[in-house]
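Peer 1: One letter stands for each residue in the lines below.
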Amino acid sequence: MTFPNTVAAEIRKTATLPATMVALTVAVLGPVAITLINAVGVRAALRSGRPELTAYTSPVEAVFSAVPIGTVGAVVLGVVAVSGEYTANRANIGGGRQITTTLTATPSRLGVLAGKAIAVGLLVAVAALVAIPASLALAGGIIGGDAPPTPDGVLSRSVGAGIYWMLTALTALAVTVFTRNGIAPIIVLVVNSSLVSVSVLLSHLTPLARFLPDLAGMSMFAGDLLAFDEALAPLTGGVVMATWTAGLLALAGAVFRWRDA
Amino acid sequence: MVRMLSVERLVKRRGSREILTDVTFRAAPGRVTGLLGPNGAGKSSTLRILLGLDRADAGTALVDGQPYRRLRQPLRTVGSMLDGSGAHRSRTARNHLTWMARSNGIPTRRVAEVLDQVGLGAVGGTRVGRFSYGMCQRLGLAAALLGEPRALVLDEPVNGLDPEGIRWIRVLLRGHADAGGTVLLSSHLISEVDQIADDLVVIAHGRVVAAGPIREVTAGYPTLEDAFFALTQPVAGGR
Amino acid sequence: MIRAYGRAAATELAKLSGLPAVLATVLGTIGAAMVITGALAVSPVGADEPVAVVLQAVPYLQAGTISLGVLAVGTEYTDGQIHTTLRCVPDRLTVLAGKTLAYLAWATGTAVAALATGLLTTRVTLATRDVPVVTDGPPENIVGAAVYLVLIGLLGVALATLTRAVVPALVVTLSLILVVSPALDAITPHARYLPGRAGGLLYLPDPAPVLTPTTGLLVLLGWVVVTGGGAVAAFRRRDA
Numbered sequence: 001m002t003f004p005n006t007v008a009a010e011i012r013k014t015a016t017l018p019a020t021m022v023a024l025t026v027a028v029l030g031p032v033a034i035t036l037i038n039a040v041g042v043r044a045a046l047r048s049g050r051p052e053l054t055a056y057t058s059p060v061e062a063v064f065s066a067v068p069i070g071t072v073g074a075v076v077l078g079v080v081a082v083s084g085e086y087t088a089n090r091a092n093i094g095g096g097r098q099i100t101t102t103l104t105a106t107p108s109r110l111g112v113l114a115g116k117a118i119a120v121g122l123l124v125a126v127a128a129l130v131a132i133p134a135s136l137a138l139a140g141g142i143i144g145g146d147a148p149p150t151p152d153g154v155l156s157r158s159v160g161a162g163i164y165w166m167l168t169a170l171t172a173l174a175v176t177v178f179t180r181n182g183i184a185p186i187i188v189l190v191v192n193s194s195l196v197s198v199s200v201l202l203s204h205l206t207p208l209a210r211f212l213p214d215l216a217g218m219s220m221f222a223g224d225l226l227a228f229d230e231a232l233a234p235l236t237g238g239v240v241m242a243t244w245t246a247g248l249l250a251l252a253g254a255v256f257r258w259r260d261a
Numbered sequence: 001m002v003r004m005l006s007v008e009r010l011v012k013r014r015g016s017r018e019i020l021t022d023v024t025f026r027a028a029p030g031r032v033t034g035l036l037g038p039n040g041a042g043k044s045s046t047l048r049i050l051l052g053l054d055r056a057d058a059g060t061a062l063v064d065g066q067p068y069r070r071l072r073q074p075l076r077t078v079g080s081m082l083d084g085s086g087a088h089r090s091r092t093a094r095n096h097l098t099w100m101a102r103s104n105g106i107p108t109r110r111v112a113e114v115l116d117q118v119g120l121g122a123v124g125g126t127r128v129g130r131f132s133y134g135m136c137q138r139l140g141l142a143a144a145l146l147g148e149p150r151a152l153v154l155d156e157p158v159n160g161l162d163p164e165g166i167r168w169i170r171v172l173l174r175g176h177a178d179a180g181g182t183v184l185l186s187s188h189l190i191s192e193v194d195q196i197a198d199d200l201v202v203i204a205h206g207r208v209v210a211a212g213p214i215r216e217v218t219a220g221y222p223t224l225e226d227a228f229f230a231l232t233q234p235v236a237g238g239r
Numbered sequence: 001m002i003r004a005y006g007r008a009a010a011t012e013l014a015k016l017s018g019l020p021a022v023l024a025t026v027l028g029t030i031g032a033a034m035v036i037t038g039a040l041a042v043s044p045v046g047a048d049e050p051v052a053v054v055l056q057a058v059p060y061l062q063a064g065t066i067s068l069g070v071l072a073v074g075t076e077y078t079d080g081q082i083h084t085t086l087r088c089v090p091d092r093l094t095v096l097a098g099k100t101l102a103y104l105a106w107a108t109g110t111a112v113a114a115l116a117t118g119l120l121t122t123r124v125t126l127a128t129r130d131v132p133v134v135t136d137g138p139p140e141n142i143v144g145a146a147v148y149l150v151l152i153g154l155l156g157v158a159l160a161t162l163t164r165a166v167v168p169a170l171v172v173t174l175s176l177i178l179v180v181s182p183a184l185d186a187i188t189p190h191a192r193y194l195p196g197r198a199g200g201l202l203y204l205p206d207p208a209p210v211l212t213p214t215t216g217l218l219v220l221l222g223w224v225v226v227t228g229g230g231a232v233a234a235f236r237r238r239d240a
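Residue numbers (UniProt numbering), protein chains in the order written: chain S, 1 to 261; chain H, 1 to 239; chain Y, 1 to 240.
If you are wondering where the hints come from, they were derived from the structure by calculation, not from laboratory data.
None of the values given here were measured: they were computed from a predicted structure.
Accuracy of the hints is not assured; some may be wrong.
Claimed, not checked - Chain Y regions said to be covered by chain S (calculated; three or more residues, Cβ under 8 Å): (1) 32-43; (2) 219-231.
Claimed, not checked - Per label pair, the in silico range of CB-to-CB distance: (3) S:107 / Y:226: 46 to 54 Å; (4) Y:226 / H:18: 34 to 42 Å; (5) S:133 / Y:210: 48 to 56 Å; (6) H:55 / Y:24: 34 to 42 Å; (7) S:257 / Y:24: 43 to 51 Å; (8) Y:17 / S:16: 48 to 56 Å; (9) H:171 / Y:17: 32 to 40 Å; (10) S:99 / H:221: 40 to 48 Å; (11) Y:43 / S:257: 34 to 42 Å; (12) S:107 / H:17: 53 to 61 Å; (13) H:126 / Y:24: 14 to 22 Å; (14) Y:3 / H:126: 31 to 39 Å.
Glycine included, each C-beta is placed from N, C-alpha and C at the ideal position.
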């Protein structure tokens, strides 16, 4: 079996990129740090008896409003997994790109891409498994007894946020296959990671905007944080975003196969 | 005008490791000086300090008695080339040389002249990213020649050049020195240095192990290659 | 000295115009201004004030000037071009001064063109929808928006100098201003001292005015000076 080897190689290659470590750090420490600041702010507002000072008072919302910074980490991870292959060594601009090594080692284009997708998906899943429970525990600990009762669906929203990160990372990976350069995908996807994304803007224009991948996906975890009325149901949203991601990956596979390295 | 390059008791540390120890040598006008040493010996580090890119922890590296960073229009004094083209891959070769010329007040007609001189006249409008390794080397040489400098400092100039390119650069450097210019080049290719250089500085493990006219350095050895291995190997080396 | 800076600025202008990514960023920013203001102007909840519509687009447009700032410095570190730059102009301060001046020229042009395009798009769109333009908001807010867009990109210049690479500088600057800052804004009043929020007062009125546009500008300039100072110190001290 060569495919497990390909996956193993891609995991090793992606996990050892310095940029990956930075992205994972952002994806884990970013949400935890923002949660910390949010939770301290919420506690201060509750203790001073002025909960109207903050946009929410629940520890859970303190966590989910921090999810976008983790999305940034996921975007970076997906982008560098591909763009790292196309970065020339400084010394030999003519041809010193890792993609030539990768494709001479594993000629199957689809195998390489699938391996990369699995590697990126696993790394993001690990980040989510650490970051979200840690943030929830932290927010609960800080706000503690001052908090209003915990709303329902925390588990499903947590899982939703993790899935949102994974699908975002895979979307970033697919888009970077098209551009072969990290700059444009980083700009567009980081800007769109914010809760005031371009898609939210488009939602004023047409209700169809809720079927855009990020808006659809955000309904998996955002709850009332989404500044947008006609959001899809969480499960529907997840399915819509997954469909987008699968479509983009399929297109990326076709392009990657067809193109010269 | 004399264009003397002098390196005096240079020390450079990276972390706790000393990569250059008391490196001292001169490159004189009218001569081609070859800096010879195995990979990682400290050749490039020495040249980078001479060109003001890195700082020395001790010692000096001077161009005509002045540190490179003090030069107002350095390209008119010292033309240099480091590994590769030194150009962003999405620029055209012409744009790369044009901004370089502008930075030193060099007339822009020189851009076309040096492109022709290094044989890239036909591809001046091509993005550097599409160049082969040898073409990048030629672009690096064009950049070195741009300001019509009296001194040339070249790091591994023949790397990636075809036989015709190697002969061309040999003739060019010889002519430059014979016209009174100074040439300092580094290489790990013994035979190349043997054919080009008048003076030799052999460097190993960050120290100068031999320096002087090529005949003096190789005296007592059948060939330069024998001299090189004897000098650079810690066990057998040293005189 | 002045002449050296002028020459360095001319050099950096030539460099920027040779980069396709810079041209793409400029056109992309102007295009984004057109699309976003167009979308806002046709939306049913849309405003009938062209100035207000354009100002709503500024948070998106800042990605353009930030990218310009990052590219101006960050591309030096691709393919080792920084070695060429420093061999041409060995004085570190002159290099950074030239880069800053060239950035300011490009960013000002981009910001003005994008805002003008936005105003025009809004007016044309509103006219085709037969929406009467009620008032034209105070035009000084448009000037404020242009100043803001140019200044916020200086943070990109500084962070690219510190990180010595395009992608990390983009990620840090964009996520701090577009992701972290709004997340904190929902919860703590101190968020008003973050560069995006404080500078935002140059074009958006504050409902609970603690900072005035002038003090907001000063806070933003403070951020620029601090990060820029760190960048200059690092650039001068480090080996290339």
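Peer 1: Give me the numbers of the hints this structure contradicts, sorted from smallest to largest.
Peer 2: The structure breaks hints 2, 5, 7, 8, 12; every other hint is satisfied.
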